[in-house]
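K.L.:
Chains A and B are the protein sequences, given in the same order.
Count the first sequence with my numbering and you get residues 166 to 280, in order.
Count the second sequence with my numbering and you get residues 27 to 138, in order.
In short, the hints are calculated from the structure, not lab data.
Cβ atoms here follow ideal geometry from the backbone N, Cα and C, with glycine treated the same way.
Incorrect hints may have been included.
[As the list claims (entries may be wrong)] Part of the chain A face toward chain B, derived, beta carbon under 10 Å:
id	residue
1	Gln171
2	Gln213
3	Leu261
[Stated by the list, open to error] With a straight-line Cα cutoff of 20 Å, these simulated DMTMM-like cross-link-like pairs (lysine to aspartate or glutamate) come out:
id	chain 1	residue 1	chain 2	residue 2
4	B	Lys75	A	Glu268
5	B	Lys75	B	Glu89
6	B	Lys78	A	Glu268
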Amino acid sequence: DAGVTQSPTHLIKTRGQQVTLRCSPKSGHDTVSWYQQALGQGPQFIFQYYEEEERQRGNFPDRFSGHQFPNYSSELNVNALLLGDSALYLCASSSLTGGEYTEAFFGQGTRLTVV
Amino acid sequence: GDSVTQMEGPVTLSEEAFLTINCTYTATGYPSLFWYVQYPGEGLQLLLKATKADDKGSNKGFEATYRKETTSFHLEKGSVQVSDSAVYFCALTVGTASKLTFGTGTRLQVTL
Chain A
166 DAGVTQSPTH
176 LIKTRGQQVT
186 LRCSPKSGHD
196 TVSWYQQALG
206 QGPQFIFQYY
216 EEEERQRGNF
226 PDRFSGHQFP
236 NYSSELNVNA
246 LLLGDSALYL
256 CASSSLTGGE
266 YTEAFFGQGT
276 RLTVV
Chain B
27 GDSVTQMEGP
37 VTLSEEAFLT
47 INCTYTATGY
57 PSLFWYVQYP
67 GEGLQLLLKA
77 TKADDKGSNK
87 GFEATYRKET
97 TSFHLEKGSV
107 QVSDSAVYFC
117 ALTVGTASKL
127 TFGTGTRLQV
137 TL
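Bound-form chain A, shown alone:
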């Protein structure tokens, strides 16, 4: 059973460009959350998708947007990249069952460097 898979693993972009990161959740999971982990810091919640809709959002600007597809996979888009967007982007999947979420499983992340 494949766990959470993210692509690409590494990415280098120039300031002002746009980037798309991808995530496939663990089999059986229907909820995808995205986190930003700056160097030496803990992950910060960006947003969560369930049933193809954004359900929760953290304190991130509108430059950060996302999408969830019918097969539960998800994309994170960041526009007008800033140097400060350089970070490890983590995807986590879980399942909403009986009104509660199951344990979140994390992917290995995408390392984004903005130059």
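Given chain A, put chain B in place with the hints provided.
P.N.:
Only chain B this time, still in chain A's reference frame:
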């Protein structure tokens, strides 16, 4: 808002030493508490959790007890191994939300 405070690292220990990593929290509601571990080059893995006061989470020799009176969830292990070297994150969720609020992480290095 919700927040988690961890002791700063790095923590350097000799193999077989006793480990404590402190974690305290503030939460707007009744939180569930977690410890995650991140090995070099990998994503986060759930180490243990506790969902109500006085619960003890345990896994792979690690333990943490949910102390509501002191708003703490300290991680302990009686005898660390070199393979335990990693970054450890304390985290919480509140209510039915799955959003995780993390601490800044504590790097543990275990030497022979």
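K.L.:
Now, for every hint given, state plainly whether the structure supports it.
P.N.:
Hints and how they fare:
no.	hint	result
1	Gln171	holds, 8 Å
2	Gln213	holds, 7 Å
3	Leu261	holds, 8 Å
4	B/Lys75 / A/Glu268	holds, 10 Å
5	B/Lys75 / B/Glu89	holds, 9 Å
6	B/Lys78 / A/Glu268	holds, 16 Å
Violated hints: none; the structure is consistent with every hint.
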